[in-house]
Amino acid sequence: AQSVTQLDSQVPVFEEAPVELRCNYSSSVSVYLFWYVQYPNQGLQLLLKYLSGSTLVKGINGFEAEFNKSQTSFHLRKPSVHISDTAEYFCAVRGTRPLVFGKGTRLSVIA
Amino acid sequence: DVKVTQSSRYLVKRTGEKVFLECVQDMDHENMFWYRQDPGLGLRLIYFSYDVKMKEKGDIPEGYSVSREKKERFSLILESASTNQTSMYLCASSWDYRTDTQYFGPGTRLTVL
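If you read the protein sequences in the order shown, they are chains A and B.
So the first sequence is numbered by my numbering: it starts at 1 and just counts up by one.
So the second sequence is numbered by my numbering: it starts at 1001 and just counts up by one.
Since the hints were derived computationally from the structure, they do not count as laboratory data.
Please read all numbers here as calculations on a predicted model, not as lab measurements.
Glycine is no exception: its CB is placed at the ideal position from the N, C-alpha and C atoms.
There's no promise every hint is true.
Stated by the list, open to error - Under 7 Å between C-beta atoms, here's a sample of chain B residues computed to sit facing chain A:
# : residue
1 : L1043
2 : F1048
3 : P1106
Taking the hints into account, I'd like the entire structure generated from these sequences.
Dropping the structure here:
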């Protein structure tokens, strides 16, 4: 079975500052990793995913994540955030079971 | 454009009622999923289906059942609604079971009184 831990439930950050949202996973098999974003009153949409190959994955809206197998992490980063990035972000892992989601990190961008 | 629609955005029901939540996708996807989303708990998988007429229990199936008579439609059924089933319900679909993006509907906020 697989599991996901998002290390921060809330992250406040000033506009144009960098941000990192942390995600650690646990699995006994190889995994696929995903980050989803949920804007207020909407469903989730995919930001990026790691299936294989390069460990640095680029996604939409300037986000990127790095897969680190030795640290079992898949942290999400953005060098400069905008007000419109205010949302909830979910890390998810696919191993032997269907997607397992973390509990979410609420990113609040402050003007 | 990809689309997953859910029958209601908001729903209020009484304890003991039978509740149907419907989800339709227009992408010819094989796989469909039902999640519930609660603050501080993230998304938890209730049921999923990887083919018409096929269904599998997720992590929290108790109190729920599902129906998938047609490929594009996946229904979640609460046989006898209870107050602890008050939640946001999200439907999703995908093409490839393992690697593909899941596309989500906007959600149904269900309140059971």
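Hints versus structure:
1. L1043: This hint holds: L1043/B lies near chain A, its Cβ roughly 4 Å from the closest one there, short of 7 Å.
2. F1048: With a closest approach of 6 Å, the F1048/B hint holds.
3. P1106: The hint holds - P1106/B has a Cβ within 7 Å of chain A, the shortest such distance being about 5 Å.
In this structure, every one of the numbered hints holds.
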